[in-house]
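Colleague: Taking the hints into account, I'd like the entire structure generated from these sequences.
One line per chain: the protein sequences are A and B, in this order. Residue numbers are given in the working numbering: position 122 of the first sequence equals residue 122, and the series is strictly consecutive. Take any residue in the second sequence, note its place counting from 1, add 1000, and you have its number in the working numbering.
Don't read these hints as lab results, they were simulated from the structure. Some hints here could point you the wrong way.
To be verified - Facing chain A, a subset of chain B residues (Cβ under 8 Å, in silico):
(1) Leu1018
(2) Pro1020
(3) Trp1024
(4) Ala1028
(5) Val1088
(6) Ile1089
(7) Ile1235
(8) Gly1238
(9) Ala1262
What the hints assert, rightly or not - Keeping only pairs whose Cα atoms sit at most 16 Å apart, straight-line, the calculated EDC-like set for lysine to aspartate or glutamate is:
(10) Lys1102/B x Asp1186/B
(11) Lys1099/B x Glu1190/B
(12) Lys1102/B x Asp1185/B
(13) Lys1099/B x Glu8/A
(14) Lys1102/B x Glu8/A
(15) Lys1149/B x Asp1139/B
Beta carbons: idealized from backbone N, C-alpha and C, even for Gly.
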Amino acid sequence: MATTRILEWLGRLYIWLLLAFLYLPIIIMALMSFNVSPFYQLPFEWTTEWYASLWQNDQLIAATWNSVEIAVITTIICTVLGSAASLALYRNEFRGKKFLQALLFPPIAIPWLITGTAMLIFFFGVGIGRGLHAILLGHVALALPYVIVVVSARLQTFAPELEEAARSLGANQWQVTQRVTLPWIMPGVIAGGLFAFAVSFDQFVVSYFLATPGQTTLPVEIYAAIRKGFTPEINAVSTIIIVVSMALMLLTARFFKFGGEK
Amino acid sequence: MAAATASRSGLRSALPLLAPAYLWMTVAIFLPLSAMVFFSFMTELPLSGKPWAFTLGNYAAFFSQSLYLTLLLASLRLGLEVTLWCIVIGYPAAYVLAKVLKGRSREAIFLLVILPFWSNGLVRIFSWAMVLREGGILDTALNAVLPFKINIDLMYSYPAVIIGLVHSYVPYMVLTCYLTLQAIDDSLIEAGRSLGASRLQVLKRVIIPLSMPGLVAGAALIFVPVVGSFMEPRILGGRTGTFYGTVIEDQFVAVFNWPLGAALSFILLAVVLVILAVASPVLKRAA
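Modeller: This is the structure we're talking about:
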């Protein structure tokens, strides 16, 4: 079948073209962050000057720490609250359970522009105000549905007989959860936690509406810098972010598979 | 944490574990969305110190000034165009991934396609700014290859916004279509072929209908956020990048007319909900 082989070959070629489309801008940005010319002029001359000047930019460093802190706290809160909710949904049958599960999708499906502006209005209206605490409040709410969905998916692979067996051997509810259920769902919990971290660390829209001049996150700071004009420093910090978030997702992918197959 | 209650089924034993997560989402998502609807009927924010009253004025503004409707239509058109491009580019890629590639190379390439989606969207849009601007990489590269001089300056134009958005969202389409295409039994395709159908007929009569849920899911997942996008048009579109989303952004960060912003947001939310409702029967069939 000669036609089949040609078509398959074209298909492979097409995939590589798509990958080029997806990765070229990112690769170019990364290369330019090592280029001497601040106006991205060629020929290319190697420098790490822009990375060095990042260290001098106190505003950017403060925003980076805010981003990391908020992402870590979001991850911790979401994995605890999300896993608890998933367990409750898994173990119990009650009226309204379907409704509670359906409620997880609006936060994922509604554009962040709408959620973000709604949070701004409400937090301002009830006196929570804006700033890092408001950003944290928002990030946790945005990431929770993802964690519950991921952990629930892992729980679907759990055999309830294991809990029964442990109970019949004399374990109490806390021991059953701690020694049997939690170890089983751990890959799901870790994957959910990485999701939560990514949702928070990469979050721009919601943070943007809730940030105040002194209390911002890295993406908000970058957006402000881009609107003022191009600088190679933004390239450098963007390159760092993209490497970090891709590494994080590779990690998630590993845990996810681990969670799905075994 | 996992309370010592016996595992008697029911809401009462579920509540202590459920309440924290759902309370948090109520305070930070469901109440704000309700509040937004409420504020959209006010003249001023109640806590701003100024006197306020209920009004339909914010909605009247939307319907009386053709600007807002025009921009909403422009955003819907943008959403439609980006979605179509994502189908044209993403569907064939999903097909190759699901039916041509095998084993470990399929896994690796699948991961490579999905990976950028999970990196920072703002930064990826910014990387296009560098490629598209005059004297940027595309300009320099084309002028180095071509014998004549051309000026490529796509930056701050409608095509730039389209390119950036398609780049951001095409992995979604690949993902959803891949999942449904992969589930199609190869023997169905072979049966069609052996009964004398051409490749094109098999594609039209077997493969596309069976993968429709993936196409619809991908389209909904792309269309909805694109209609509400504001950062991408701002960075890549410049002055041509005024869309419905950027106007909402302006109400909150530049003009400070929050009640009008709330009304505009709520109208967008209504449009989004209608779209999701239309798409949901197809999605349910897939689930």
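Colleague: For a quick check of understanding: which of the numbered hints are violated here, in increasing order?
Modeller: Hints 5 and 8 are the ones this structure does not satisfy, whereas the remaining hints hold.
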